[in-house]
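Chemist: Spelled out, the chains give:
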Amino acid sequence: MTTVAHQRPGRIHSLLRLDFWSVVMAVSVIVIGLLLVWPIAQVLVLGFLNPDTQTFTLANYLKVLTHRYYLGALGNTLIVGIGGMIGACLLGIPLAYCTARYVVKGRSLIATLAVMALVSPPFIGAYSWVVVLGNNGWLTQQMKALGMTLPTIYGIHGIILVFSLKFFPFVYLMTESALRNINRSFEEAAENLGCSRMQRLFKVTLPLVFPAISSGAILCFVLSIADFGTPSIIGRDFRTLSTIAYNQYTSEMGGPPTMAVSISMLMIVMSMLAVLLQRHLMGKRRYAGSLTNLTVPKVCHGAFGVLVHALCYAIVALATLPIAVVVYTSFLQTSGPVFTGGFGLNSYARVIQEVPDAIANTFRFSLIATVLITLAGGLISYIIVRRETRLSGLLDTVLMVPYVVPGVVMAIGFLLTFNQGPLDMVGTGTIIVLILFIRRLPYGVRATTSVLRQIKPSIEEAAISLGASPAKAFYKVTVPLMMPGVIAGAMMSFITAINELSSTLLLYTARTATMPVRIYSAVLDGEFGIAAALSTILLVSSGLCVFVVLRFSRSKEGAFI
Amino acid sequence: MAQVQLKNIRKTYGNHVALKDINLDIESGAFFTLLGPSGCGKTTLLRAIAGFHQQDAGDILVDQQSIGHLGANKRNVGMVFQDYAVFPHLSVFDNVAFGLVQQKIPANDLHQRVQAILETVQLGQLADRMPHQLSGGQQQRVGLARALVTRPKVLLMDEPLSNLDAKLRIDLRRDIRLLQQELGITTVYVTHDQEEALSISDQVCVMYDGVVQQVDTPWAIYNRPANRFVASFVGANNFLALEQVTNQGASLLGQPIKVPDNLRGAGRFVASVRPEKLIVNQLLAGPGCEFDGVLQQVSFTGRELQLAVDLPGHGILDALTAPNESMVALRPGQSVRLGFLATDALYFEEGDLGKLLS
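Chains A and B supply the protein sequences, listed in that same order. Per the working numbering, the very first residue in the first sequence carries number 1; after that it's consecutive. Per the working numbering, the very first residue in the second sequence carries number 1001; after that it's consecutive.
Quick caveat, the hints were computed from the structure, so don't treat them as lab data. The structure presented is a predicted model; accordingly, all values stated were derived computationally and were not measured. The C-beta atom is built at its ideal place from N, Cα and C for all residues, glycine as well. Do not take every clue at face value.
[Claimed, not checked] Taking lysine-lysine pairs in the DSS-like style, the calculated list, with each CA pair at most 25 Å apart, reads:
#	chain 1	residue 1	chain 2	residue 2
1	B	Lys1020	A	Lys203
2	A	Lys298	A	Lys105
3	A	Lys298	B	Lys1074
4	A	Lys476	A	Lys456
5	A	Lys298	A	Lys203
6	B	Lys1153	B	Lys1007
7	A	Lys203	B	Lys1104
8	B	Lys1258	B	Lys1355
9	B	Lys1355	B	Lys1020
[Said to hold, decoys possible] Incomplete in silico selection of chain B near chain A, CB under 7 Å:
#	residue
10	Asn1073
11	Asp1083
12	His1089
13	Phe1098
14	Gly1099
Isolated chain B (complex conformation):
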């Protein structure tokens, strides 16, 4: 259990600013996820905490104590790597014992602790195996056990599941979360998979272009994205440009629509509607906006039905509905009626990073 604070972390590579004055407070025992597209700086930030990159400015504090200038081998933070980094020349047991040997833990104690953590990650039977005899999922469990056995104050995980296949990824994700909650260890987790981030975290930090865009609970990140980037990166979204925004109100697709008060005035704005909030070929249950589009594609994924609808002048909109046999039978080129409730739309300023208005 430890609180982690990042203060004004800055990192540049030549002319490229990888991290722009990052300030973050991570609560003790939290599962904190850095989420963003590749190149957003999330891995650089994680590696700065681990000590593999020295930040150009700023400091890192664990329980109010600065570790920002210690060597990577002195920080007492555990790390789990994307490519497992399980030492191929050592057995599973020796891999897990590696950090304890460094700490000069007596043999008896060491043996017990290694065996115990191997049981926890369900590898108790495989202690004598060599890494090449293990599957990817098993290797990553070794990586996890090796990082946890030294009882670090903070656990860092760099896309630990991205080299695993889809089903295994979900199993191991659940195990990691359970273990983290059981141990109560403060965890900083890096991923570019937004579904993974939402499902596993207490707090999600969305990063883009070396800047923190939003730090919040998964629920708030999805439902109250701070800006247009977060709205589009986390989950799918449809954006529709508003027309004629005046002091009296605004219109969308030629229909008047109720918008937040601070939206009035000059400037260009967009509305966002999640695909699952678009209503297809049904009457709206309240005030909102309705329009016709041309169906481009219907795809049935089992759990749901995805429709791509062309709305001339606005591009393709994605809609998600519950599976419905009559809708599966729709053919490309047919006209469909789309609509959404005014309360299901969010409004943003124009531009990639346009702010949420409410």
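Just chain A, same shape as in the assembly:
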């Protein structure tokens, strides 16, 4: 009798718990199926349909893979992807080595500047470089006065420059933390066996951090090939897949966007191949970091010390130059593309007069999306970490998809899916909130998952054995421990949401335009003043979020990767 009496509350409780988490699981599956799987499937299927007869065909893909126009764009995309990746490595790895191995004064300033470069939208970089090095650019004019002609920013090298400076912080932050976690004995053993400093670097140190470098590099590649704003602002005739997908879509208006969709699939395949290649290269090369016996950064004196500091500061200064330029120009008096001289707030006044909706929209959409991401992210990561079933494993895998689907492609999928019947949301703010939500949900889930994995279940069990109910144990122990990670994740979601351009550009209407959309059209119209003022508002908002993350996150800069 007593055993039954003892068991019953437990059984009822576990049933209740099963029910609650099962509901969460079911809702997650439905939401992800509807917002992610279905739109992508639409894109996939449409590429195989003849636009006139609606029958199965491979002709669209054959056209993309044989036509010079498309092949050219494919080649260009590969070039900027690989160029951006290599550029990011060339900046990120030396910077990481310097700050991890030497005592660099102002290391946290360097890291903060790198993070700022990372969280500012890439098109701000493109547009600032136009302000500095464009045809009418400040530096171009200065040099012209001196009789020198600078290479133009427009075209392939400009895009690669912007990507390198924009994405190198991924390589830098990942490589630096890996370098810091190498057990000192490995490098000592290499030295003991006869390696000089240089040999040691190439034979031991770099191979040991290769997993981190390659993760960062692939991220740069994927983001470079997916980026839309930069090539469309400074690409001129240089077209990449994301710009032609956008152009195709806008020109195919009315008919089914078959070609845009086929190009989109090509981009997804490229990103996936890159990720798979990196996984293959890594293979089983996962080297556990060390918690003790770490290398102590060396103090460097004299000319070498100056060199190390100069290198570090030059890299981050160059990377944050666009931010400085944008903020500076926002306070200049302008009339269209012409700076009329002197400082003033007229750009801000015009922003408030002409596009106040954009500011309100951006913050409203982003805030709603962030709240949704944080709640859903927390629940889904709890399922993934604490209730390992085949379905939660599948959920984890499917959530990888947004990483490799460019925003333009996701937007096309949304437009194909939510354009009729009860789900017709085209032109609404809801569709923008939902695309922000689904595109950034994986980042939110990952942020909470990594924190949750570090919280051992035994700590909740300890609370239960001390008399707390399981619900109370979760609320009293696990939630407070998760909070720093959740806050950091939410801030990151918010930053990426307010800066989102590539997906919203296809979805906005006059009523739902956001700041990045307005900046993009202002740049194309030559309204640099408005663009700068709006960009400054975005940068200040992002900066505030970065500040909050740095305050709350234990791993500091690590929260951004």
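Place chain B on chain A using the hints.
Modeler: Frame of chain A, contents of chain B only:
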């Protein structure tokens, strides 16, 4: 085979003096162990020989040639690390070949030498494995093979067994000693495990607070410790304060006891008696000292019996005896008779580093 000499090695970190003028002569082919508690400077000294720490003053000579100012990569000393430091991105073969590649040994020769040393450390079958597929003991064998294959003049080992479990530690300890004797390589070994140091070494150097306390054979270190620190750190020991030391003699626990001649006079002294020299509930076979204590704990470890006996005013004494069923049955609180022979006691000056008197 090489002789190693350390001359006036000094190393400071800020205000902390890690090594205070260390002078050591290590015979060619000797297994020489640096033993001491953590923070005593033994690892710092080993790393100075390896070249990872530059000493502030002094020199290191191998076969009369100074290596004290060469880079760590030019010293031709092998090193085995506490955490193995087997490169995780290279196979067992490539790990062992690493130093030979640095020396630009031709491929044929290299292959032979790597295979031969892998056979020696019993890893011949595992040449193609990656480190993460190996156990800790196997990884440390790779570390050993990698250090030996370049035929260094000196082998340095930094607590190589401390990350392994107890049984494996003893197996590998035996293998290391056999290999060292076979190759006749001069070896400097760092450990904080005194039993390991005694069992493996030709010479043991006990260090404390950056100073060499005693260099001697394991037998002498254990039986003729130079000072009270060595007596207490190497093996277990009981210390008893002497009373009434006069020119006529001394007394311990109220009984007159014969002490060395140079002990007479002013000052405070202690006697030390090893636990295995304490005799429990038995008559002494010669002149010595006997007293009663209160049993606190009896523990049976299989090979022997450990007793903790409270001696009011002197603290707890440890005694070791052969297992004995009637003694296992003793209960805490019972009175036991302890004694030791005068010849089994050693006498030291008072203080942590009090000198041995004889």
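Chemist: Hint by hint, which ones does the structure fall short of?
Modeler: 1
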